[in-house]
Amino acid sequence: MEKGTLKLKTGLAEMLKGGVIMDVTTVEQAKIAEEAGAVSVMALERIPADIRAAGGVARMTDPEIILNIMDAVTIPVMAKCRIGHFAEAQILESLGVDYIDESEVLTPADEKYHVNKWNFKVPFVCGATNLGEALRRIGEGAAMIRTKGEPGTGNVVEAVRHMRTIRDEIKKVASLPKEELMAIAKEMGAPYELILNVHESGKLPVVNFSAGGISTPADASLIMQLGADGVFVGSGIFKSENPMKMAKAIVEATTHFKNPEILAKVSRGLGSAMYGMELSKIPKEDLLSVRGW
Amino acid sequence: MVVIIKNKELIRVGVLALQGAFREHINCIKKCGADAVEIKFPYQLKEIDGLIIPGGESTTINKLIKKYDFKPYLDEFYKSGKAIYGTCAGLILIAKKVANEDFGLGYIDVEVARNSYGRQIDSFEEYISLGFNGGEKFKAIFIRAPKILSAGPDVDILSEIKDNIILASQGNVLVSTFHPELQDDTRIHEYFLNMIEKS
Chain Y
1187 MEKGTLKLKT GLAEMLKGGV IMDVTTVEQA KIAEEAGAVS VMALERIPAD
1237 IRAAGGVARM TDPEIILNIM DAVTIPVMAK CRIGHFAEAQ ILESLGVDYI
1287 DESEVLTPAD EKYHVNKWNF KVPFVCGATN LGEALRRIGE GAAMIRTKGE
1337 PGTGNVVEAV RHMRTIRDEI KKVASLPKEE LMAIAKEMGA PYELILNVHE
1387 SGKLPVVNFS AGGISTPADA SLIMQLGADG VFVGSGIFKS ENPMKMAKAI
1437 VEATTHFKNP EILAKVSRGL GSAMYGMELS KIPKEDLLSV RGW
Chain E
2 MVVIIKNKEL IRVGVLALQG AFREHINCIK KCGADAVEIK FPYQLKEIDG
52 LIIPGGESTT INKLIKKYDF KPYLDEFYKS GKAIYGTCAG LILIAKKVAN
102 EDFGLGYIDV EVARNSYGRQ IDSFEEYISL GFNGGEKFKA IFIRAPKILS
152 AGPDVDILSE IKDNIILASQ GNVLVSTFHP ELQDDTRIHE YFLNMIEKS
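Those sequence lines, one after another, are chains Y and E.
The numbering of the first sequence is our numbering, which starts it at 1187 and goes up by one.
The numbering of the second sequence is our numbering, which starts it at 2 and goes up by one.
Simulated from the structure, these hints should not be mistaken for lab results.
Note that the Cβ used here is the ideal one computed from N, Cα and C, for glycine as well.
A portion of the hints provided could be inaccurate.
Here are the in silico distance ranges between beta carbons for each label pair [said to hold, decoys possible]: (1) Y:PRO1446 - E:LYS163: 41 to 51 Å; (2) Y:MET1430 - E:LYS98: 25 to 35 Å; (3) E:LYS98 - Y:PRO1363: 53 to 63 Å; (4) Y:GLN1276 - E:GLY119: 11 to 21 Å; (5) Y:ASN1428 - E:PHE42: 20 to 30 Å.
Turn these sequences into a full structure, and let the hints guide you.
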């Protein structure tokens, strides 16, 4: 019997596909998410919009909150550690969380290195804004990728940019003659073996969800049509007027993302979505998607 | 030898595509040479010879089955004798009884419990024997897998590990607690295609 293999790590992400992973901060919110049909919840002390508003250093969530949420729901529970903070990751693994998100939403603990995820039995999901970054994370042992978007803004534009960038770069790598692959690996800063894998398969070697700014059923449909395997919704649910209704609608939209009639039906009468921020008005030093290297 | 023709037509398998690893099952069936399609709405069940309910989150898939009123159509499909295969979450959804939950469509006489081996760090791979195939062992992938707690007298046990039933059938229904769709080995999908041919 073998445990903690890459197949098992990537396998859980395969099971989450076509689903919605929701950020929650309390047991009540976790139950609402499960009831609405979330495939997993991300246990947090604060959702990204509140982290953004609060400023200061954002750290791993109190284990008490995570354990309470793990007790309250039967779906998988994820939790975030800071970039490079392998001690936080060790703590989260010992709690038995089902996935660790090494996340730019928290304040990075290391300005140069990410966690060596091969050292862990628990799988990791990591953010990426382009193919090179995604493949570096996979090279470090990430079993799932999420495009970063700009978390806590209610604005989907960065999520779209990152999804399109990765999609376009995959197409490019797949179409290049083999003798050019080493040069593109160098240019993207990606491991050659993984570039070769993308060249041969025409897709990322792991599941790719989209995150950061998705706040309506239409946003979920857009990003799924651009090729996401599923969506993370952070602030979009519990910053909306009617979280249960919004959560259910985004779940249905993610399943039927290609069906405008269903999308129109689930989008009706949801109340107001979360407040959306114009990204050009956010000071550069406050952008989260640029964290990670 | 895998059979992919029934009534002089290529067998078409539907894979319930509400959430989960449905694409992997479609790839496996196509690799065997048969046709496979996504099932998103109940009316599509009329167009297929057999149905796979894939792995995923059983609570999510269960809610979408209810929301889109699949139950009467699935019941009709089952009663018509057409073959159904449930993997992991799919097994949970078609079992007769699910511990601590109110779902279970009742197509196979087993009681199951969800996430029975623990959390994700307890997920495991194991080489298993296939009751219908004396050949090489099959590498089975168990992810937050359910356990079959008990099985009725009409259930055929096709594989077990440490007294846990992991692959079983009853009439036109096949279930596994693991994920053959994540492997290149298509022997279980071939077995299911043979069930469809006989159904």
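Now the hints, each set against the structure:
Checked against the hint of 41 to 51 Å, the C-beta distance between PRO1446 of chain Y and LYS163 of chain E comes to roughly 50 Å, which is consistent with it. Checking the proposed 25 to 35 Å range against MET1430 of chain Y and LYS98 of chain E shows it holds: the Cβ atoms sit about 29 Å from each other. Restraint check, LYS98 of chain E to PRO1363 of chain Y: a C-beta distance of roughly 58 Å satisfies the suggested window 53 to 63 Å. Between GLN1276 of chain Y and GLY119 of chain E the C-beta distance comes to about 19 Å, which sits within the given range of 11 to 21 Å.
Taking 20 to 30 Å as the suggested C-beta distance range, the pair ASN1428 of chain Y and PHE42 of chain E conforms, at roughly 27 Å.
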